[in-house]
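Based on these hints, arrange chain L on the given structure of chain C.
Taken in order, these protein sequences are the chains called C and L. As numbered in our numbering, residues 1 to 66 make up the first sequence, in order. As numbered in our numbering, residues 1 to 468 make up the second sequence, in order.
It is possible that part of the hints are untrue.
Below are the DSBU-like pairs computed for lysine-lysine, each with C-alpha atoms no more than 35 Å apart in a straight line [claimed, not checked]:
id	chain 1	residue 1	chain 2	residue 2
1	C	Lys17	L	Lys323
2	L	Lys90	L	Lys323
3	C	Lys17	L	Lys90
4	L	Lys90	L	Lys51
5	L	Lys64	L	Lys51
Restraint ranges, calculated between C-beta atoms of paired labels, are given here [claimed, not checked]:
id	chain 1	residue 1	chain 2	residue 2	range
6	C	Gly42	L	Ala81	45 to 51 Å
7	C	Pro47	L	Ala81	45 to 51 Å
8	C	Pro57	L	Ser457	46 to 52 Å
For the record, the hints were derived by calculation from the structure and aren't laboratory data. All of these numbers come straight from a predicted model, not from anything done at the bench. The beta carbon of each residue, even a glycine, is placed where N, CA and C say it ideally should be.
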Amino acid sequence: MDHSAYVDAAAATLGLKISAEQRPGVLQFFALAAGMAELLQGLPLQPHDESGNVFLPVPPQGGPDT
Amino acid sequence: MNAADATSIAAQVRDGALSARAAAQRSLARIEATDARINAFSARLAERALKRAELIDVHPQRHKMPLAGVPFAVKNLFDVAGLPTLAGSKIERDAAPARRDALLVRRLEAQGAVLVGALHMDEYAYGFSTENTHYGPTRNPHDLSRISGGSSGGSAASVAAGQVPLSLGSDTNGSIRVPSSLCGVFGLKPTFGRLPRVGSYPFVASLDTLGPFARSVQDLALAYDAMQGPLSGPPSDDPACAQRPPQPTLQMLSQGAQGLRIAVLGGWFREMALAEATDAVDAVAQALATTRLVELPEVERARAAAFVVTCGEGGALHLPDLKTRAQDFDPLTRDRFLANALVPAAWVVQAQRVRHWFARHVARVFETVDVLLAPATPCVAPTLGTEWLQIGDRRLPARASMGLLTQPISCIGLPVVTVPLWGMSAAQPQLPIGVQLIAAPWREDHALRVAAQLQASGLCSAPVAQGL
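Bound-form chain C, shown alone (with noise of 0.2 Å):
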């Protein structure tokens, strides 16, 4: 699959200029995270299969946590 218009896109969006140099690395290493995340899509997952990523509240300071 031919990722160089959304590079350029997300790039563009993100204010992070490519030089001529960099980009065919870019473009390498992109499509391999592509192939990465495809084979990740194509695990089938529930609604309730949560993030691995867990938000710990932050109490404040003084409190029987600190």
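Chain L only, in chain C's frame:
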């Protein structure tokens, strides 16, 4: 003396048979004599170390200090007061010097250890080879033409070279286990969230873990025990720190593997390894008298989850510098960081969900097994500059592939001790290769006990490299 481990140095200093100052001087002299060839150290702290050692020598509690006079060094992503925290980069040379040592450095020094320097690494911990373009490669002490592994290459190389008996590194996707394997030293990657990361430069907050390298299992346990414990400051200083009370391991080592259920990991962990790596696992399995084979589900997807989480978090972390000074990144990391900054959120969120799915399924496996065996690297250390690795019919990029067997494990934060074996490669019998001893979350004691038995049997050892 350069072959002495931390346990014996501390015993001598406690007894007064050796002064902490003399131990520090010998370490500094060894670094001076060998580091031009190895390039493990980015900073040597002679003045600080000798001053600290002199304080230990007159300390009224010296005879009780578990790490009395033990020289150690840290990957240069740990804050060291007065030094900019480089994290292997050129960019951070401009950063203000750290005002305080990293928490784990303080904890080791509180037990009597003496910091002698900071160590090279892959830029921002993003690599498995420590072929750092800014600072030159850190060479493998057992064969100077080969990589030390990474990203904690300096940490493993300094221990293998006998420069220090103990070092600290970090492991996000394999950065303690890969260099431990390639340099032939013992390494401990604790459970994710076990040791606080206060005062260390982050890479991937969801995965980053700190841990020790040493030439004996006793030293690993000694250092690990000294570093355990919840944060002394607010939990928000390191939200990932699980704040668990210390669970000392040193006194448990003598139990060995007795009563533990041990199995070899099959599937991905056999397919993505050369014979030297699977032979090492088989030798360990034989020594532990286990023939049981276990397969984890969806290992390749677990590796992909770690890969994509790394992309998302690592890319976002460095976006400001990528926008303004991309040319200052190491060419070996720059294009990857640029690509990572563009990764869609949907991929990263899915990776985090897959990660949790995998963790739940592996937890079921640990209901019937205590320690799993797998190679730490697919092969022994490649020569510097190696671009490709052939595994079966797959031609893979060599540097990234060093983490093929570690990434699925750190993806779900499991504790691992890496133990070194020798003579497994027919072509390179002088080179070591590591085996991962993988335990359930918070059971570092299980992995350390098995490691201690393997060391006692003589199968696993970490000799100082000769001829440096």
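Hints and how they fare:
The suggested pairing of Lys17/C with Lys323/L holds, with an alpha-carbon distance near 7 Å, which does not exceed 35 Å. A hinted pair counts as satisfied when its Cα atoms are at most 35 Å apart, and Lys90/L with Lys323/L qualifies at roughly 16 Å. For the proposed pair Lys17/C and Lys90/L, the alpha carbon gap of about 20 Å is at most 35 Å, so the pair holds. The hinted pair formed by Lys90/L and Lys51/L meets the criterion: a straight-line CA distance of about 29 Å does not exceed 35 Å.
Of the supplied pair hints, the one linking Lys64/L and Lys51/L holds, its CA atoms being roughly 20 Å apart against a limit of 35 Å. For the pair Gly42/C and Ala81/L, the supplied restraint of 45 to 51 Å holds, since their beta-carbon distance comes to about 48 Å. Checked against the given bound of 45 to 51 Å, the beta carbons of Pro47/C and Ala81/L, roughly 49 Å apart, stay inside it. Checked against the hint of 46 to 52 Å, the C-beta distance between Pro57/C and Ser457/L comes to roughly 48 Å, which is consistent with it.
This entry satisfies every hint, going by the numbered hints stated previously.
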